[in-house]
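**Q** Okay, here's what each chain looks like letter by letter:
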Amino acid sequence: MGLENFALGFSIAVTPFNLFVAMVGITLGTIIGVLPGLGGANGVAILLPLTFTMPPTSAIILLTSLYWGALFGGAITSILFNIPGEPWSVATTFDGYPMARQGLGGQALTAAFTSSFVGAFFSIVLITLFAPLLAEIALKFGPPEFFAIQLLTFSSFVGLGGGNPLKSLVSILLGFILAAVGLDIVTGQLRMTFGFTELMKGFDFIVAVIGLFGIGEILLSVEEGLSFSGAATGMKLGVVLETWRILPRYWRTFVRGAFIGFWMGFKPGGATPASFMSYAFAKRFSKNADRFGKGELEGVVAPETAAHAAGVAAMLPMITLGIPGSPTAAVMLGGLIIWGLQPGPMLFKEKPDFVWGLIASMYTGNILGVLMVLAFVPFFAAILRIPFAILTPLIVVVCAVGSYAVHNSMIDVWYMLLFGVVGYVFKKLDYPLAPLVLALVLGDLAENALRQSLIMSQGSIGIFFGRPISGAIMSVAVLFFLLPVITPWWRRLRGTPVTTTPAARET
Amino acid sequence: MRAADLATAIVLMAVGGLVMFDAVRLGFDWGSDGPKSGFFPFWLAVLMIVACVAIVVQATRRAGGVFVSREQLRPVLAVLVPAVAMVLVMEFLGLYVASALYLAFYMRWVGRHRWITIVVLALGIPLATFLVFEQWFLVPMPKGPLEAWLGF
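Chain order of the listed sequences is P and G.
The first sequence begins at 1 in the numbering used here and counts up one residue at a time.
The second sequence begins at 1 in the numbering used here and counts up one residue at a time.
Isolated chain P, as found in the complex:
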């Protein structure tokens, strides 16, 4: 890798305009992360139409900054209100909220933001080092390899996602089916339109994201009955500095959390299980294990480090392989296509300014992010004091605006409502939504990779197993798909009870 590339990236990310864009993104992202019902994925989806007229690098900086902001914002509501704004901040509530109740909200927030920053920074450094290498390797990939990687992506939802594997599978299949609706670009035939011209354009995943995550989430949260009773922030400069003096004591937790986060995060569905896993490990190895759950600072550090490391790591497969690691990354990938960029390893060769500008902006965005959230916590916390009878219709209107703006078409707004109801029902019945969205995004790519591979081999599936790289990836994918079948059988053999893992719900 060239240091000149890195310098090029910074020369792009540190222009006044792009720094301004990053700050706007972080502010909006934090607000979105704080609000129930608006998460990273649909926040990015709603703002995507606004970026159509921007230069691609500024556009991706806006969207990634929004994502960092949403990651930070999740911690605020978890600690002060005991409401995890995002699924990966659930574990942060375990110790964060008790701390806030004891008047230690300032310490908890400082620890959360600092850990988020450390986790993110760790992942960014790894991305900087490994992304060019991975892209170099990926340049040699043919259709079978890409199909194998896509299959691996989906198999990890079934095998490692937790929850009901059959329902994960159905979510994936439904996503692929929705992606296939409309014009088949290879043969020019119309598929599954059943004579309706409205179906010719197919289903846009941005609309699906806004409906499934935005409207669906709002329906769920009004059902549960919103009641916000917040603790005071207690944020002072002295508290921040004092907490920073204590934090280095937990360096082991930081390192462990960062590794868990990165490792889980570059595979899809990672951030939420990573945060739980990191919390569990921290508790297991801590001398104060009995203090966990009652307001232990380390219990905030562990999940936040891992969640942010995972959230950033999800960008790695997106920029190198063109395969997103999370629904938010999937929406950004969709943005890349709309801005006229071809996602995948060629991006490093053809658009180095874009790729390195993006990587450099991860550094600047996270540094700006941690400073901004530390400074403006009371402001962000005040958002949740807005009465919910104002917030709820506001979020619905914002979702409608975002859905319409994608293609300037009213049918999309109706689809948004439909997806909202589907999201509500699916979430209640434990059908995971993240795989559905990823399948909808990757549908065409996966189908084309499959078709091209089969054309190469004259219709034999052997091609996926005959080539070394795709063969290895395929074997892992098959193993992951079979994991839900093997695990209970293996456990019975060893005589250990079946344990359930928390379901991975990513946004």
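Because the hints were derived from the structure by calculation, they are not lab data.
Note that the structure is predicted; figures quoted are calculated from it, not measured.
Treat the hints loosely; a few may be bogus.
What the hints assert, rightly or not - What follows is a list of derived Cβ distance ranges for each label pair:
id: 1; chain 1: G; residue 1: Arg25; chain 2: P; residue 2: Ile367; range: 54 to 60 Å
id: 2; chain 1: P; residue 1: Val125; chain 2: G; residue 2: Trp149; range: 54 to 60 Å
id: 3; chain 1: P; residue 1: Asp430; chain 2: G; residue 2: Ala128; range: 17 to 23 Å
id: 4; chain 1: G; residue 1: Val68; chain 2: P; residue 2: Thr53; range: 39 to 45 Å
id: 5; chain 1: P; residue 1: Leu418; chain 2: G; residue 2: Arg2; range: 23 to 29 Å
id: 6; chain 1: G; residue 1: Val68; chain 2: P; residue 2: Leu418; range: 14 to 20 Å
id: 7; chain 1: P; residue 1: Glu198; chain 2: G; residue 2: Val46; range: 25 to 31 Å
id: 8; chain 1: G; residue 1: Leu138; chain 2: P; residue 2: Phe376; range: 28 to 34 Å
id: 9; chain 1: P; residue 1: Pro488; chain 2: G; residue 2: Glu91; range: 50 to 56 Å
id: 10; chain 1: P; residue 1: Pro488; chain 2: G; residue 2: Arg2; range: 47 to 53 Å
id: 11; chain 1: G; residue 1: Val120; chain 2: P; residue 2: Val476; range: 55 to 61 Å
What the hints assert, rightly or not - Derived coverage of chain P by chain G (criterion: at least 3 residues anywhere in the stretch with Cβ under 8 Å from a Cβ of chain G; other residues may be distant):
id: 12; region: 164 to 175
id: 13; region: 188 to 196
id: 14; region: 419 to 429
C-beta: ideal position from N, C-alpha, C; glycine also.
Dock chain G against chain P, hints included.
**A** Just chain G, lined up with the frame of chain P:
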């Protein structure tokens, strides 16, 4: 809970059936230049139906429960029904008028806010949307007779 689980699985199975029907029409075998259009959807549908059958079997074995109680459903419908009405109104009057009406209605009906709050927000939020989307980023929103009368 079980009834909803069964119903969802059966609906999804029906979707699978529809997809399969269409895939058969398109042809799902090997064409002159590779797999035909129906190939990928066909196998998706097959897997979907198989998985849904398994989910049905699973669900019938499990104990039931309440999917959604009457008290839970009320606030959900209170959001959903006006939202549907808003989208319907949007078709005729445009987004700005529809969202102003929706915001005002919800704030008054559910929140019982003071009229002054309602008027300020119900006019202010669509106006802010207009400025950001229409003026600043040049993303057009659906407009109705009011906007036409105002000359946009």
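**Q** Now tell me, hint by hint, if it's right for this structure.
**A** Results for each hint:
In this structure the hint that Arg25(G) and Ile367(P) lie 54 to 60 Å apart at CB holds, the actual value being about 56 Å. At about 58 Å, the beta-carbon gap between Val125(P) and Trp149(G) stays in the expected band of 54 to 60 Å. The beta-carbon spacing between Asp430(P) and Ala128(G), approximately 38 Å, falls outside the hinted interval of 17 to 23 Å. In this structure, Val68(G) and Thr53(P) meet the distance hint of 39 to 45 Å, their C-beta atoms being roughly 43 Å apart.
A hinted range of 23 to 29 Å for the beta carbons of Leu418(P) and Arg2(G) is consistent with their spacing of about 24 Å. As the Cβ distance of Val68(G) to Leu418(P) is approximately 18 Å, the hint placing it in 14 to 20 Å holds. Between Glu198(P) and Val46(G) the C-beta distance comes to about 27 Å, which sits within the given range of 25 to 31 Å. For Leu138(G) and Phe376(P), the hinted distance range of 28 to 34 Å is satisfied, since their beta carbons lie about 30 Å from each other.
The given range of 50 to 56 Å is respected by Pro488(P) and Glu91(G), whose C-beta atoms sit roughly 51 Å from each other. The beta-carbon spacing between Pro488(P) and Arg2(G), approximately 22 Å, falls outside the hinted interval of 47 to 53 Å. Between Val120(G) and Val476(P), the C-beta spacing of about 57 Å keeps the proposed range 55 to 61 Å intact. Check on the region 164 to 175 of chain P: 7 of its residues sit with their Cβ under 8 Å from a Cβ of chain G, so the three-residue criterion for coverage holds.
For the region 188 to 196 of chain P, the assignment as covered by chain G holds, since 4 residues bring a beta-carbon within under 8 Å of that chain's beta-carbons and 3 suffice. Counting residues of the region 419 to 429 of chain P whose CB falls under 8 Å from any CB of chain G gives 7; the rule of at least 3 is met.
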